[in-house]
Structures are given as structure tokens and as C-alpha cells.
Amino acid sequence: MLTALVLGTTLLAFLAFAFPKSANGAAKWYGVAVALAGLVLLELMDPAAFPPDESARWLSYPFASNFHLGMGGVSYALVQLLATVTVCALLATNVPRQRNFVGLMLLLEATMLGLFLAKDLLLFALLWDAMLIPVFLLMIGWSVHPATAWRYLIYNVAGGLLLLLGTATYGVIYGTTDVIGKGQVTPISDAWAPWILAAFAVAFLVKTPVFPFHTWMPDTYAELPSPVAAVVSSVQSKAGLYGFIAIGLPLFTAWTHEFATVMIVLGTIGLLYGAVIALVADDAKKVVAYSSLSHLGLILIAIFVFNDYALRGAVVYIVAHGFFSAAMFLVIGYVETREETRLVSRIGGLARGSPILAGAMAIAALAALGLPGLAGFAGELFILTGVYQAGYAWLAALALVAIVLAAAYMLRVYQGFMHGPEQADLPQRPDLRPLEIVAVAPLFLALVLLGVNPGPVANYPDQAYTMLAEKR
Amino acid sequence: MLAQPFPLSDYAAILPLTIVATTPLMILLLDLILPKGAPRRDAAVAVGIAGLLLAAYVLVRQYLAHQFAPAFGFGFILGGFSIAFSLIVVAAAIFSLLMVLPQRDDEKVGPSCALMLWSAAGAMLMAGAGDLMTIFLGLEILSLALYCLCGMVLRASPVRLREARESALKYLILSSMASGFMLYGMALLFGATGSVNLAALQAIPAGNPVFAMGCGLFMIGVAFKLGLVPFHVWMPDVFEGAPLPVTAFMSVVTKAGMLAVFARFLYGVLGTDHQALIVPVWIVAGLSMLVGNLAALSQIDMKRLLAYSGIAQLGYIVAALAGTSTLGMRYALFYLGAYTFMNLGAFAVVALISRDQEEDSHLSAFSGLGTRHPLLAAAMAFFLLSLAGLPPTAGFIGKILILASTVAAGYQWLAWLLIAGTAISVYVYIKIVRAMYVPVDLAHIREIRPLSYAPWIAVAVCAVATIALGIYPAALHDVLPRIR
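Here the protein sequences line up with chains G and Z, keeping their order.
Note that our numbering numbers the first sequence so that position 280 is 267, with each residue one more than the last.
For our numbering, count along the second sequence from 1 and bump the result up by 47.
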């Protein structure tokens, strides 16, 4: 079933390119239907009994490598997020040459589904590179500045190549790459393990991104068409964090402890630096981009304090951040299509004419700043508890500073857009159309559900948690 | 021994080679008989391809029948090794012949096809060469035909003709010099051992200065023909000036032939005893990856770009041999096969988008291709992804296999250079993908109608192979263990 999900989405994605030019509207609904079918398939799964792994021999030499897909708790949280965000993003899509756009979005979804389900390092590395290509094509086809597109690709491919080198080395030494989700495998020798982990870590840090590898990110998120930015910021950026949880911790347990200090320091720099820049950025999308740097820094810290609460909190916050950053990008996209700008200093007083738009933005912003009852709070609470429990009281305090700053920058965007004097020279446009509401509604619903009851997401059984428990 | 005639089975061993070498006679004969125009052109290409397909069939039969045997007193060694390289040569020749058709010069199509086949026969001889004489014989058959081919531009304007002549002359002079190096090296090797036979060369103990010098000169010749840095400067000029099908042909066939010689020399003669002698080769391979890709960055002509990219790609393939492991040999072959498909596929696309009068390999010819010819652009995109080593293509699998073999052999620094070179190459190749898919105003671009649709066959076959090997590498990969 997992194979059918991944390969089916891939094949159906290619079908979208075959739509006639006149059927651009139909292509969009086709894309929504395909993504929705995937989501329904995922929701029908029982978290207590995931479908069995599916595996086929792929390479026998120089190391055994399988086309191996399997579901775990963390994977389940991520693919649900991915499927939901893709459906919403496609619903909100309104671009020229829609069929190609839809095809590439579905390809992006398919490659990322495969990535989160991959149980083989080589398959993981393959899909890691593969998921960059649809985004790059979306960038060049839908008017992102070439320099930005190149920066995105070169940074991430360089990371991907390191991942590949690490995978090849791991395979040669260990004899097989089919090791993700196997629990504790025999550790490989200390002469190699730190180098392989370092190669993986750089790839993961670039993708997340974490300071100082983040320079490709703000422009990318700001210039991407909103639906793509929603998917990339909310799901693709989590691939790195997922890599740490699913690959770094189980395969290199001892060495991750050696790396912890560096990771925590980098995460903390990102946490504060991102928040400060978000406070002054004028471009609303860049505010969200830098807020991601801040939030994902917090998640990185949570992963590397090796605490059960923190790790579960990291997963909850990964999902929560996915939902609210997608919502923020889609809503800012709505504003942008109406006002043809997204500068906080330029826009004002939208709430009077467009109350629904203002409401939507309010919910997204409040979730992002961690209002109790919404998903962001649940994740932050878990993480802070865990970090404190692990003995990093000062880190918890620093994180609190960043959370206060989050309130400041999110509300600054909201205020700038919605309140204040109306700008007479900007076009007066109608409020959200029903379809635009439908596109963000599932995200809000998810934010509320997860905020009220984060238990299910935190409790999906996953070997990462059990390993952490054994370790202690 | 020489007094006796060779047994008949020896001639059976070189049957594929014989087929490829005699087919041109038929082509030239038909060229005289058939009326001018389409029949003559099509017949030349069709007969050439038929001959190559027949040779391929015999090669596969030989492979399946496990006919691994030396022939002509170790002058020619039939085996999985020679068959694999020969098959690559034959496939490359078929794809190149398909690219000849869009040219509309009746006078030159027949001879072009004939010369290509003879050249391919030379490469096949090199693939099976078991002594120094055969190596040189194969090399000269290969090269002599190519000197003519480089200058034979079809439908040429004076400027184009001058470029082609420059290309041919440059190739003749520089290649002859490389042959000279090689020949001198061979003479020294003979002097050191008293035999031209590769198996006999093996017996020499390490540290013999004459042998070492002979090896060095021989390797310079090899590196020159493979176009490895710093012996690469002839390649871009020659590739740019030569007619497109010939460039495509050279980019694979000369390399495959020379790689076979290099690999046999490496594995058969140097083995593990003389590792110190070949370390410079790995350094040269590493340099090729970097310099080739760096130089390709600024190219705006597709043929030049592919020439530089070929330098880098050959660097990857040679790197796979580092450590002289059995696995390395297989992965070099896998990558060479993948390279054949992705590189010739890309050349076939260039052949298809060439405009009426001049073959047009400028990069601007690709702008808007995604809208004008979605299928062609998609195929090209896959070839370029594969050349850049991105999934889901044969190039990706080839890269990981080479990485694995270099790491396993203990040459981490080569693996790092490979990673660096690949990172640079992403820009080189994806730049073209970008040109194809950036939305453009189509009004400014002239519609192109290819003069022949034959290269489409090459594009289709190469695209399927490139993707299939990327998704299911076992198809080719599991055959490789039988190659020795």
C-alpha cells in the first residue's frame, strides 16, 4: 500500500502534464483529487498497526540496498502534514500554466512521501535530491529570480551530495544501507562514524536550514509562489529534522551526543537571530521565513537534548509549525494577490474591507506566536518542559525570549496589514472568496485540534522514542 | 608457432569485428549504385545500422555462450571484458549513425557512415587487444578514420568548413603526437621485457626503471586520448569543429576503446605490484573532474560544453578504477554504459533542434524548448539530470557506485574531488534545463522542423535506458559480475 501511495502519486503527477492547455481549471481539481485521495488513504491507517513494510532488492553490490518503504510514528505525522498541506496549497493555487504547476506540485508531494517513508539510506538520499528538482522547476517556471533559484539548488544539491558520499561510505563499511527504522544496528567503527554523521548533518542543516547554512532560505521562501512556499517551508524544511530523528539518532547514537553541543549552539543562534531579523524585516514573507529559522532552531535544540518530552515535543512542533507556516504563506499570498505587494510598511487597514482575511491571518499569526489552545503552544510547552528537564534551564529561558519575540513580530505583521489607516493608493479588492476560505480552513482546523489535544501526534509509536528510553 | 595457420575458432572470435569492418564496403558499393537523394542516404545509414545490429547480436551470442578465449596467440582476447566494451562501441556507433541523417549532402553521407564503422572496428579491436601491437593497430584504425571524419562537414558554409578543417588538422597533429608518446612507451616496455604481450609484461618486477619509463610514456598517450587534464586542450576545439554526429561518435567510441586498453593494462600488467606507477593517473583523473566542470561553466556552445563535460565524466570513470578492484572495473563499465546513453541522447537532441542550414549548437537554441517540444525537452532534461548525477537516472546510480568503489579502495580524496566536481557540474547542466523551461515569448523563436526524424529513435532509446537504469539498475548491474 505504501508503494502504491508513492508510485501512484508519481504516475498521476505525470498525467497532469498531459492535460490539454484549455483544461487548466480541470487540472487543478485533478491535483486536489489526487492529493486528497492520498490524504484519505493516510487517514484510514491505524497508528497502532501501520501497514507492513514493503521491500524489493535494488542493488546487491557494492552494498545491499532495497527499495524499502515503511511507516513509523514520526513518518506518519510528517506524511499526514504533507498530504494536508498539499491539498490546501493546490486548492489555493491560481497561477498561469496551471497543469504544469499542478504536475510539479504532485511530483514534489510524491518525492517527499517517498522520502519520509524510505527505510533505506540510498533511497533516502535519492529522494532527497529528487525532491529538489520539482521545486527548482517551479522556481524557474513561475518567476523566481534566477539567482535565488540557483542558490536554492546549489546549496541543497551540495548537501545532497554529502549525504550521498556519507551513504556510500556507510554502505561500503556496513554492507547494507537498509538500516532506517531497524532500531539500534551495530555501530560502525569510530574511525568512520563521526565523518559519516558530519556529512549527514551538513546535509540536514542546509535543508532545515540552520544558521549558518540558512542564506538560501529567506529569498527562496519570499519569492516562491505562495502554494509552493507553503509546502516547502512547512514540509520540505522538515526533511532535515526528520533526518536527525530517523537517521542521526538511531544509527549514530553515541556520536550524536558528541555533536550535541554544536547543534544546540547553532540552534540557539538561529533561534535568536531569526527572531531578531523577523522583528525588522519589511517583507511579510521574509518575516515568516526568518521566524521559521527561529522555530526550527528550537526544534533542533529539542532533538539534541535527548529528552523524551523534548523529542515528542519536537515532533508535535514540527507538525504545528508545518500547519501555521503553511497558513501564514497562503494568507500572505492572498494579501499579495489583492494588494500586489507584501511589505508591512506599505499595506494597512485591510481589516475594515476584508474582515475574513483579517480573521484568517489572526488565527495563523496567533498559532505561530504560541497562543494556548493552538498547536504552536502545545509543541513549545512540550519542548520547554523537556529542555528544562534535561538540565538546560538557561536554554529554556533563552527559548522563552524567542517566544516573546515571536509574539512581537507576528503581531507586527498582522497590525501592519490589517489595522492602521487604509492606503488609498492600493487597490480595493473584495474579501476572501469561498474557495480561498476552504483552502486554509483545514489548516486552521488542524491547528485547533492539535492545540487542544496533541496527544495522538505525540504518542504515535516510533522507535526513536523507545531508543531514547533504552538509552536512559 | 607462426608457421601454422591460426585455427578457425580464432576467426570466429573476431567475427563481430569483421562484420563491422566489412559493412562499409557494402555501403560504399551501394553509394555507387543507388540514385542520388533520399534512397542513397537512407540506404547508407540503414545498411550501417543493420551491420552494427548484426555485430551486436553476435556479441551477445558470444557472451551467452561464455566464449572467453584468447585468439591469435593472445593478440586478441575474447571475453566478457572485450564484449562489454564492444557492445558499448556498437551502441554508440548506431546512435551516431542515426544523427547523420539530418544532414543533406548525398556526397558525404555514405563515406561518413563507412568511416564511422571502420573507426568503430578500430575501437572494438582495442577492446580485445591482448598485446601492444594490436593496441596500436586498433588505435590507428580508429584514429585514421576520425581524422577524415572531422573534416567532412556536410552542407557547409565557408566559415564552418574552415572550422572543420582546423578541427581535423588539430586532431591529426595532436593525436599523432600522443600516438608517438604511446609508441615510444611501448618500445621501452618491449625493451624491458622482450615481449609485446601484455601477459608477459606482467612478469616484470617492480622498480625496473625502463619499465617505469615505458609505463609513464604509455600512460601519457592514454591520458591524451582520454582527454584527461592536463592533456585535454585538444578536445573542445576538435569537438566544436567536427560535424555533430562525429563529435557524438568521438565522445564515446574513442573513450571506450582507450578505456578498455587502459583497464586491461592496469589490471593485466600493473596489477597490485606497480601501484606507485599509476598514482599520477588518479591525480589526473581528480584534476579532470574539477577542471572539466569548471571550464564547462562558461561555455555557450553545446558541443564545447559537452566536450568539457566529457573530460570530467571520463575523470569519474577513471576514478572508479582507482584501487584496481574487481568492483571498480564493473562500476567503470556501468558508468561508461550510462554515459553512452545520456551523452549520446543529449547529442541526438542537439541534432534534432539544429536548424535548416547550419547545425546550431548554441545554447540559445534550447530556450523555450519546454513549450515548443515538451517531449524532447523532457528527454533532454533527463539526460542532463543524469550527466549531473541527479536522480532518478543512470548517472545517479553510476555516481554512487563510483563513490562506493573509490571509498572502498581507500581513495577518499578522489571521492571528495568527485563530490566537488559534481557540485560544480550541477550548474553546468541545469543551466540548460533552466533555459528550456523559463517561459519565453515564442514569437521571437523560429519554429524548427528537423530534417530527419531518425535521431528521435536515438533520443527515445537513450531516454528509456537512462531512466530505466536509474530506477532499476539491476538490469545492467547484475550482468556485470560475469565480466572479467
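Hints are computed from structural coordinates only; laboratory data are not their basis.
In this text, all values refer to a predicted model and were calculated from it rather than measured experimentally.
Careful: at least some of the hints might be erroneous.
[As the list claims (entries may be wrong)] With the Cβ distance kept under 7 Å, some of the chain G side facing chain Z (calculated, not the full set):
1. T156
2. G162
3. V166
[Said to hold, decoys possible] SDA-like cross-link-like pairs, simulated, lysine to any residue; straight-line CA separation at most 20 Å:
4. Z/K478 x G/A134
5. G/K8 x Z/R207
6. G/K8 x Z/K83
7. Z/K478 x G/P34
8. Z/K478 x G/V159
9. Z/K478 x G/H132
10. G/K8 x Z/P486
11. Z/K83 x Z/A93
12. G/K8 x Z/A93
13. G/K169 x G/L455
14. G/K8 x Z/H420
15. Z/K478 x G/I141
16. G/K8 x Z/L489
17. Z/K478 x Z/D488
18. Z/K478 x G/R138
19. G/K8 x Z/V243
20. G/K8 x G/N81
21. Z/K217 x Z/G227
22. Z/K478 x G/W129
23. Z/K478 x G/W203
24. G/K169 x G/K8
25. Z/K217 x Z/M233
26. G/K169 x G/A51
27. G/K169 x G/V159
28. Z/K217 x Z/G198
29. Z/K478 x G/E326
30. G/K8 x Z/P421
31. G/K8 x Z/K217
32. Z/K478 x G/A145
Cβ atoms here follow ideal geometry from the backbone N, Cα and C, with glycine treated the same way.
- Task: Of all the hints given earlier, name the ones this structure violates by number, lowest first.
- Result: Hint check: 2, 3, 5, 6, 7, 8, 12, 19, 24, 25, 29 and 31 fail, others pass.
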